[in-house]
Amino acid sequence: MARVALGRALRRLRDEVHGLRLNEVAEALGYDVSLISRIETGKRPCSQVIFGKLMDLYEVPAEEREELAQLQASSNDRRPPWWVRYREIISSSYEQVIAFEDAAQSVFEYQPGIVPGLLQTEDYARAVTGVGFASLGPDQIDGLVEVRMVRQRERLFDTSTPLQCHYVITQAALEFRVGGPAVHRRQLQHLLDLSEHPSVTLRVIPYEKGEEGCQIAGFRIFRFPDEHMPDVAFGESVAGSLTIDDPRDLRRMHRLFRSLTGVALTVDETRDLVSRVKDRED
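Residue numbers for the sequence shown, in my numbering: 1 to 282.
It should be emphasised that the hints constitute simulated quantities derived from the structure, not laboratory data. Quick caveat, the model's predicted, so the values are computed rather than measured. Where a beta carbon is used, it is the ideal one built from N, C-alpha and C, also for glycine. A few of these clues could be false.
[Stated by the list, open to error] Taking CB as the label site, the calculated pair distances span:
1. Val-263 - Tyr-31: 43 to 53 Å
2. Tyr-31 - Glu-88: 30 to 40 Å
3. Pro-247 - Asp-77: 22 to 32 Å
4. Gln-48 - Glu-208: 56 to 66 Å
The task is simple: from the sequences and hints, build the whole structure.
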C-alpha cells in the first residue's frame, strides 16, 4: 500500500506538475522506462537512490520531500501482512481488496442483495461462501470464512482506529433467509447490534423506492488518511472484483453512492425496519 501511495504521488509529480512523459523521465535519469512505470504503479519498490534522483528532477520542496521520504521508507518495509498465511485460498483480486481495506480510513459500500462482509455473522458468511464458491472443499470454505472474521476484528473491533463504514443495502438483503431461519434471525440481531457501533452507519433502501434503489451489482469505495493516496473503488461481478481508480469513474461512483443514500431510510428508520423483519421471523 505504501508503494502504491508513493507511486501515485510520483506519477502526479511527473504528469500533473511537470507534464513529463515516462520516457522523458527514464532518459533523464538513465533508467529503463519499465522500471519507472513499475515504480509508479506500485509493482516495484523505489530505492533510495532512485527516489533521490526523482526528487531532484521534480524539484520537490523540502517539506513535501520529507513526507514522501517517509512514504518511501515505509514502502520498503518487508514485514508480511496478516493475510499472507491465507494466500493459498484467497484470489489475487480478493487480496487486493483486503490490502486496500487494511489501509483505508473509510469505506462507502452498496450491496443490493447481501449483507456487507464486515457485518456478517460467521454462520451467514459460511452460507454465502459455500454458494459463491461451490467448487471449493469444506476446508477452503472454512478458511475463507476465517479470513472474513479476521477482517472484522482487524478493522472494527481489535483496533484503536476502526474503519469508518458507510453502508447502503436494499431491503432484499434483509429479507433473504440466508442459512435458514435461525441463521437469518441471528444475522438480523447482529445488524441491530452493529448499527450501534460508533464507526458503522447502516441505511436500507426500502422496496417502495423501486427503481431509485436498484443497481445491478455491489461496489465499495475506499478513502485513505494519506493525502497522497487517492480513493480506490471495487465493482463486483461473477469474475471477481474490478479495480476502479480513474478519477472520472470515482466521481461518478461517489455521486451514485450519494444518490442511493438519498433514497435510503435514515439510520433510526433502518433500525426500525430491521427490527420489524426480525420480529416476523420470531
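These are the hints, each one checked on the structure:
For Val-263 paired with Tyr-31, a C-beta distance near 51 Å keeps the hint of 43 to 53 Å intact. Between Tyr-31 and Glu-88, the C-beta spacing of about 35 Å keeps the proposed range 30 to 40 Å intact. At roughly 28 Å, the beta carbons of Pro-247 and Asp-77 sit within the given window of 22 to 32 Å. Separated by about 60 Å at the C-beta atoms, Gln-48 and Glu-208 satisfy the suggested range of 56 to 66 Å.
When held up to the earlier numbered hints, the structure conflicts with none and fits them all.
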